[in-house]
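Novice: Which chain is which? The protein sequence lines are A and B, in order. Letter 530 of the first sequence, counting from 1, is numbered 818 in my numbering, and no numbers are missing. Letter 425 of the second sequence, counting from 1, is numbered 713 in my numbering, and no numbers are missing.
To be clear, the hints were calculated from the coordinates, so they are not data collected in a lab. One should not assume that every hint holds.
[Claimed, not checked] Output of the computed footprint for chain B on chain A, the stretches with three or more beta carbons under 8 Å from beta carbons of chain B:
| # | stretch |
| --- | --- |
| 1 | 568-575 |
| 2 | 621-627 |
| 3 | 781-791 |
Since the model is a prediction, treat every value here as computed from it, not as a measurement. Here a beta-carbon is modelled for each residue, glycine too, at the ideal position from N, C-alpha and C.
This is what each chain is made of:
2 protein chains.
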Amino acid sequence: MGDVIKLENRQSSGAAGETPVERRRRSGRAAEHGPRAPAISKYLNLVNPTAKSAVLSEDALEAVHQASLTILEEIGMDIILPEARDRMKAAGAEVTPGTDRVRFDRGLIMEMLASVPPRFTMHARNPVRNVEIGGDNLVFAQVASAPFVADREGGRRAGNREDFRKLVKLAQCYDIVHTTGGYPVEPVDIPAPARHLDCLSDLVKLTDKVFHVYSHGRQHNRDGIEIARIGRGIPMEQMEREPSLFTIVNTSSPLRLDAPMLQGIIEMSARGQVVVVTPFTLAGATAPATIAGALVQQNAEALAGIAFTQMVRRGAPVIYGGFTSNIDMKTGAPAFGTPEYMKAVIAGGQLARKYDIPYRTSNTNASNTLDAQAAYESAFSLWALTQGGGNFIMHSAGWTEGGLTASFEKFILDVDMLQMVAEYLTPLDVSADALGLAAMRDVGPGGHFFGTPHTLARYETAFYSPILSDWRNFEAWTEAGRPTTYDHANRIFKEKLNAYEKPPLDPAVEDELDAFVARRKEEGGIPTQL
Amino acid sequence: MGDVIKLENRQSSGAAGETPVERRRRSGRAAEHGPRAPAISKYLNLVNPTAKSAVLSEDALEAVHQASLTILEEIGMDIILPEARDRMKAAGAEVTPGTDRVRFDRGLIMEMLASVPPRFTMHARNPVRNVEIGGDNLVFAQVASAPFVADREGGRRAGNREDFRKLVKLAQCYDIVHTTGGYPVEPVDIPAPARHLDCLSDLVKLTDKVFHVYSHGRQHNRDGIEIARIGRGIPMEQMEREPSLFTIVNTSSPLRLDAPMLQGIIEMSARGQVVVVTPFTLAGATAPATIAGALVQQNAEALAGIAFTQMVRRGAPVIYGGFTSNIDMKTGAPAFGTPEYMKAVIAGGQLARKYDIPYRTSNTNASNTLDAQAAYESAFSLWALTQGGGNFIMHSAGWTEGGLTASFEKFILDVDMLQMVAEYLTPLDVSADALGLAAMRDVGPGGHFFGTPHTLARYETAFYSPILSDWRNFEAWTEAGRPTTYDHANRIFKEKLNAYEKPPLDPAVEDELDAFVARRKEEGGIPTQL
């Protein structure tokens with residue numbers, strides 16, 4: 289504790305820290321299963337070169353910042369874990385004896401923020417799936433934590449392991465889904481004490497991407513870290529230098545951090561793993577009924593959580609999470625993908641960049657089905673998170689109904705939209721050949737460019753070919769039965785699942801993983817899930 | 289001809305130039321019908337303060353610019369009207385004798401661009417509907433020129449006057465639809481020779497907004513100008529200072545301007561009315577199969593048309609139009625609202641700003657119905673045109689199926705999305721009260737903001753209340769029959785039509801308008817529509 293982590297902030301094969309055993313395993317794996325790298329996809333390692341938008345002036349940004357520090361100084365937070373309060377006190381915070389209340393001097397907060405790494409790599413068991421966090425990097429994580437799952441045939445139902453596994457397999461199928469994001473749906477048919485063991489094991493086996501562990505108690509985090517370590521086949525010292533999994537820490541807004549979340553920070557930050565501190569500040573419910581007020585509160589809660597990661601270990605990798613939206617004042621329903629959400633996402637990016645901390649936001653919508661609303665709320669979310677400089681995007685694919693349902697069809701819709709964002713961010717080719725003067729000379733006024741050499745040379749690759757968009761003319765579309773986007777998405781998710789291929793996994797790693805899971809189950813898993 | 293127009297570039301009541309008769313009419317009108325101004329809506333006079341995005345570097349922008357000038361110098365354009373070629377020759381262009389080909393020296397083009405007004409006002413018959421064009425102003429025009437119309441009950445059908453009138457009435461119902469954009473659907477049940485007389489008369493009577501006249505031959509433009517003049521109740525000298533209607537001039541890409549379009553420029557620019565020069569450069573069909581190449585061609589064609597407006601009359605108001613997209617290379621179908629479209633829209637804005645000319649672009653999609661595709665393609669279009677600095681947005685509401693169909697339901701969907709864009713562009717309230725410290729002190733850690741004074745004070749106005757978004761929980765939504773966005777839009781367009789109110793019109797103006805239409809019909813309208 290208290291020692292400073294020095295992170296590798298570039299992709300690394302991890303070879304430097306390997307023991308001879310690991311090195312042998314790795315080379316054996318390569319020989320037996322061929323190289324692990326898929327053909328490099330343009331959707332890996334996305335960079336967002338767009339100049340970022342601002343909805344707060346410099347003065348307003350400073351006002352939000354100062355107001356949030358005033359809150360931490362004068363109101364403080366309720367910190368529902370004695371160990372955390374002790375650590376905070378040791379770091380210089382003011383703990384009111386006999387209560388949960390902790391107040392933080394603004395100097396203390398800023399001192400803690402100073403050691404947050406502005407960029408780092410999250411390491412996957414397959415290095416081509418490593419993700420760069422921070423700067424202009426843009427990483428999309430799958431839907432997480434929905435209690436329900438839906439597809440057209442099966443309707444909306446409670447989550448189970450089969451649907452969990454199907455959704456995880458779909459995440460593996462698309463390079464634009466850079467990481468999973470948690471359990472895409474909660475598999476309630478797996479008994480709670482061992483659920484995380486089965487689920488994390490599935491995440492390692494069914495994908496080769498970075499994954500998430502819930503902060504539902506210390507042991508939960510520890511099991512997750514061990515499973516990630518086994519999956520990567522590396523020693524713990526290397527894990528501590530190379531963050532390999534992440535946890536979401538939600539505050540209980542307003543201004544409270546509960547025990548499991550605080551334990552999550554302690555377990556993860558101490559071992560150099562990634563904490564994503566995300567207040568859920570819903571203006572009019574868990575936060576003031578203004579976007580500015582909700583942002584102030586978001587910022588106070590996020591900074592408190594981030595500061596705590598640095599109290600646990602200076603240099604621990606952490607992400608600034610924003611999840612500010614509002615309720616519909618007439619019904620109390622949460623609203624997502626709205627103009628207010630857009631402003632909150634962009635303002636959150638301004639705040640995170642002010643502190644030079646990577647920024648997490650989300651692809652949201654509140655629709656109950658895959659209709660125009662699902663699309664426009666998500667598209668507005670994508671607009672804001674792209675222009676706002678989101679680095680790590682939770683719920684990128686499959687989230688619907690305000691997070692209550694993971695939808696198979698929405699997953700495909702989102703993948704298509706994410707790919708469109710990636711294509712939009714791809715630099716325009718302005719080479720002399722692309723400018724096309726020679727082609728225009730050849731064709732001349734009144735001609736056309738169908739079938740010209742300049743066109744034929746680009747036949748395959750000129751433009752993005754969407755997964756879902758139906759561009760047939762009305763007559764052909766009518767003849768095909770007038771399918772909607774929903775129909776296409778329903779067909780495609782099933783086709784894609786049929787084409788799923790399990791990523792290679794070193795049998796030695798698989799054995800070690802199975803043995804760990806079996807042993808932990810014998811020990812009873814986690815008898816009482818916090 | 290050749291004299292310089294000095295435009296009023298701010299809203300003006302027009303009173304300065306009125307004759308005593310007009311002044312009397314105006315005051316009589318006010319007395320009889322009450323003030324014309326509706327309650328000022330926040331959706332009028334939209335300003336887009338966003339820093340504009342760029343997809344072209346400064347060098348690339350210059351390369352596109354220079355390449356387009358090279359095209360005009362070395363390839364030239366086919367100009368299919370002797371009078372236009374004569375005017376171009378007189379201005380210094382090189383006309384190849386015995387052909388339609390005209391080449392333009394780059395110095396000549398740039399000299400002509402120098403007199404284009406960077407901003408101007410388009411004057412509606414109701415001054416509160418005046419629209420500011422250029423700068424950071426953002427004006428939304430309704431769908432135009434669809435051959436088909438659709439609603440759920442009636443299906444997709446050829447346009448007729450009843451549907452035309454319904455769509456025009458809907459445009460009047462929403463302040464966010466700042467102008468009509470032409471005939472929202474072509475009413476083929478009105479005989480062609482007098483169609484424009486009936487339609488333009490409807491536009492004046494059913495709305496009080498700026499409207500469009502087609503460039504389908506000289507007489508067409510002249511009738512439109514006279515109808516706009518009668519509608520405003522002003523003398524022609526005033527019309528020439530105060531642009532009051534607009535025409536779209538499409539090039540016949542590649543590199544051709546047809547006779548009616550050239551006549552449109554001559555008639556409109558000579559009288560100080562607005563020309564929107566819009567090449568239809570579809571990469572892979574009417575333009576090279578690269579977005580950069582299509583942009584070069586778009587720019588060449590737009591600059592030639594814009595330069596011609598200034599050859600007709602220096603200072604004539606003109607708008608730089610971009611409509612670059614691409615075809616699906618596998619089927620030849622036009623694609624809209626794609627990543628390529630987004631880049632083209634943003635690059636077009638960079639070009640228009642380089643010349644300091646107002647920029648027209650569009651809200652596009654290629655869906656055959658009101659599904660997720662219709663929404664995401666439109667939302668991506670709105671993203672690009674907002675970030676790209678579009679000033680005058682054609683087809684903002686109701687356009688679907690790549691422009692073939694005006695959809696009643698899509699109109700409502702678009703209105704909702706346009707209002708969301710407007711709300712997004714509204715500055716965030718960061719007053720001390722909005723920052724909410726007092727509210728947070730009152731509520732404290734672990735509380736909630738439901739029903740607090742800070743919340744109750746904002747109950748009505750805190751957040752945008754969408755027209756269509758269905759935020760009910762799954763159970764309530766199921767009980768309601770699981771309506772989609774399409775269902776809601778279908779209901780709402782009918783409710784809105786029932787609530788339509790005809791805007792007041794001075795009876796003297798109405799009489800003059802009817803008399804003009806009757807006289808022109810007696811004269812045979814336009815016997816041969818070009």
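Novice: All hints, please: hold or fail.
Specialist: Hints versus structure:
no.	hint	in the structure
1	568-575	holds (count 5)
2	621-627	holds (count 5)
3	781-791	violated (count 0)
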